[in-house]
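Participant: Guided by the hints, dock chain B onto chain A, whose structure is given.
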Amino acid sequence: MADNELVGAALVVGGGPAGMQAALDLAESGYKVYLLETTPSIGGTMAQLDKTFPTNDCSMCILSPKLVATGRHENITLITNAELKNVEGEAGKFNVTITRHQRFIVEEKCTGCGVCAEHCPIEGANSFDRDLAPAKAVYVPFPQAVPLIYTIDKGLCIGCGICEKFCEAGAIEYSMDSTVDETIEVGAIILATGYEVFDASKKNAYGHGVYPNVVSNIEFERMLSASGPTEGHVIRPSDGDVPQKIAFIQCVGSRDAQTPNTYCSSYCCMAALKQAVIAQEHVPGLKTTMFFMDTRAFGKEFEEYLHRAETEYGVRILRNNRISKVQQSHETDDLLLSFIDDADISEESFDMVVLSAGAKPPEMARQLAKMLGIKMNSYGFCETDELSPVDCTSPGIYVCGAFSGPKDIPDSVAQASGAAGKVAALLADQRGKLVTKKEYPEEKNLEGQEPRIGVFVCHCGINIGAVVNVPEVMKYASSLPGVVYAEANLYTCSQDTQKKIKEIIEEHDLNRVVVASCTPRTHEPLFQNTVREAGLNKYLFEMANIRDQCSWVHRMEPEAATKKAKDLVRMAVAKSSKLEPLPQPKIPVTPAALVIGGGLSGMTSALEIAKAGYEVHLVEKDKELGGHLRTIFSTLSGVDPRETLASLKKEVREHEKIKVHLEDTVEEVKGYIGNFETTLKSGEKIEHGAIVVATGAIEYEPEEYLYGKHPKVIRQTDLGKMLASGEFDARSVVIIQCVGSRNDEHPNCSRICCSTAMANALKIKREHPETEVFVLFRDIRTYGFAEENYNEAARLGVRFLRFDPESPPKVKANGDDLEIDIDEKFIEERIALKPDYLVLNAAVHPNPDNKDLAQLLKIPQNREGFFLEAHMKLRPVDFATDGIFLCGLAHSPRLIDESISQALAAAARVNTVLSRPFIEAEGVVSVVDEDKCIGCGRCEDICEYGAPVVEEISPGVFKSRIKEALCKGCGSCAVECCTRAIRPKHFRSDQIITMIEAALADEEPEQEVKT
Amino acid sequence: MEEGTNPEMEHPAFEPKIVAFCCNWCSYAGADLAGTTRLQYPANVRIIRVMCSGRVDPAFVLKAFSLGADGVIVAGCHPSDCHYINGNEKTAMRGIFLSEFLEDAGLEPQRFRVEWIAGSEGQKFADVVKKMVAELQTLGPIAEESA
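Chains as they are written, first to last, in my numbering: chain A, 1 to 1011; chain B, 1012 to 1158.
Keep in mind the hints are simulated off the structure, nothing from the lab.
Please read these numbers as outputs of a predicted model, since none were measured by experiment.
Using 30 Å as the maximum straight-line C-alpha spacing, the simulated DSBU-like pairs for lysine-lysine come out as follows: (1) A/Lys538 with A/Lys499; (2) B/Lys1028 with A/Lys578; (3) A/Lys681 with A/Lys623; (4) A/Lys623 with A/Lys721; (5) A/Lys657 with A/Lys611; (6) B/Lys1074 with A/Lys538; (7) B/Lys1028 with A/Lys475; (8) A/Lys444 with A/Lys500; (9) A/Lys685 with A/Lys959; (10) B/Lys1074 with A/Lys578; (11) B/Lys1074 with A/Lys932.
Extracted from the complex, chain A is given alone in its bound form:
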């Protein structure tokens, strides 16, 4: 297909965290995005979660801003409550037919006020709360839903017409056709359809759906959620009692040969640990017991979480346990479990049992595969290759998130950015062609003008008007100082009111606008846009929240609510009179990237950025590209990566946009997002707009188990090399896991070693069936589809012996021979082995160079020395400092496909910076008054974003300056500043104090607002 026929738009299927991330990255990089979601709201499974591991972050708190950002992005069109019907065409140009399932509510008219649901007399099944609480026949799945549009469930609705009567927006329309088709044209498709949770009731022996006190993990998660059906109270469904003992059964519908799901679902061990910890926080004295086969805490800082759960929270952890059945006591509804504890069979009774149900492919996966002509793997997930982890088997179609295999949120989000990076490269020539850039009129010059404030008070149908006396509030508002106009609206947010507000701004020459209605969290951008369209700076807008924080919470006290509404309006007007127009400076961007590290991740990232059309400088300290991949001879699936490595190196070296700097390092970095200036050790100076850190990690040089002292003690990489070269010759091999991992010094798991041990053990068994292989382990952590290798290794006769870290294997040299003693945990016997080789699975340790780079770039490291991303869940490849990104082993240990996904992700994130001619800084930033600043550097010390920098402006005179492009406007520095030299714009002290004064003033306007 000729480049000019490509379509600069993409379809993203699935609106969970992965789909949203892919959509946002593409939209930010200059592509039009259609985000298709089958349910009425975006958010995916994450919206149902209470907390997230390993930080115990509130899931909705971190998800909600992302929902809002996706929902209001000018280049993203949300198509919710809809499904894919047909796809034709090829990479670069697809014709897509979508079927929308009607909501029976006119989307343009619905304001999301919720009056319909409040009055709906019908209650029925609630899939969001897993039926633990009923839902109305007209509903939104959850209060923070995006788009906030109600849907009538025609299966439940009796057509009584009550909602229609109450809907003052006139949005209800029962007579719509139930579906409508539409077609769109896109250049690429990203599949982010996610997964489904295994139906725990299918494991009959566990009694889910029969015994009331046996709940699934997702039901328990809803129970823990403060906004869930039990408001965060952990209670026994049978009698409402608070449980004192809860058991967690792992691997329900995972690693289970009785089901099609023999793979590991990857996230459930951590999710269950989190649930146990959070439940113990909710219920003082609660005892939790977890039945694991293995604890699979393989991710970044997961092992530390496991350790804390066990030691600080007292979560009881029992390994080697596959619970066979749950029995219920008829008298008490308690649940009886038999299990293995220290090699003995025990029986114990619990108040509640939580089943950690695993992931399964989504129901529509096969149909989707057929429609798109892509392959599914044997489990029914989307097939990908280890070396191209975001490509489907058909060109122009990419995959991310759990649809390509069970994975946790950060891995899904990284893969999503990676898929976006691939699309950006495919459609590079079409960048910016289909996106709309909104043009606003020039801002009016308000200099010297007194405040002329217009106040719009919203009835919100009856949401506000039925409690608060809106006309009275409006009348009161008009009496406040500075207010020259006030009116009341049925819905201030409606299209026609927006038009009217603009006319009134003109007519009355308003220079500030206050809207008293709902919450600024959802509606401020809408009104800011309106005032901007009328030529006012968007920061001349202020909101009073008289619905969510007034009429809704004081429904029985109309007088008090009216008084409060007046106070809130008075506070907003007082602040409004002190608002100033804030410039959003345009910071030019140098369209080039610096990639530090020339291993697999660095090269992949560099190449993808170059393909998207930007210049790249790739800096490698070694004299050759390739990094660790040079020491790997076989991937998990048995593919030799050397050919891929050779062609990748060639492509990187020959790409006209990539300049490779070998045997060079970064010496100095100045500047900030869009405008970095880096000096290399060779003296070369580079100007660039973004940075990717891909400095990799190192393989541990063991000091234990006679490594380096006995020729028969080797590392896993040495074994790989021997197997590849054909030098391998042994009758017996012992592999010891966790060498240099999961200890006091390096508390975390190295993630890759179990899977690589299994791949090597398999290779030995397949090529030398007579060779005996013993794997000495603590937990086997072959997560995801690598579990298949574990099963296969066991089938081929590899022996697995579990040891306790308290009594590790003892290795003795007896001349040329080796003797190994192990205290086997499961059978509780001492076993002596005399192998020809002892293979140590050495840990992945952080690159010791990280420390210097961390100082140069002012980026953080975690306790172990890996780099620390901006947010462990939703920003896995970003640093808190804008314009700097992270991928590969520099982030944490990971497998090849995961490194590639992250490298592509870092490229996509770089694209979001470099695709813009300039970056529009936020207006809400802090500024330093140089006259007051004494250059103490306190602000520089406490800012996590590196925004304030103390500079010597003249000899001996130091002043802090805040880089607008980096400042997030949190205002913390202003409070820390000992000379009060820092002014956080829009949240200035005088603005906040005037609100305090107004809040505490009497109602009579004459007596308040001292200026």
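Facilitator: Below, chain B without anything else, positioned relative to chain A:
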């Protein structure tokens, strides 16, 4: 205006005035959620939105008390949840200092609270306000000497 704090009313129940500083990302969202889920709490609180609880200058708290607030709440994200990485840690430190200072100044400890309220904790927001209103009603207005 016709209703409100009428000094001529006979022994009205003491209605404390509470100023709450809420961070945009968690506790303001929590307060919104209390509304979305229609939880009811007394109408004594006036919320001032800040981007981060770390923006709340101890001077604002003192100002509120000096202007007649009977109680002040500073609410932020739970530890480790901060939208700005660790602004709430600064709030926590300042909160400790401020509590001690206010107590030294003769104010009852119930009059000032630092609370961590997540965006999903509408109930917690409502509970915090209810509890504080009840406590302040028991305490009554701030004694002249400490004001």
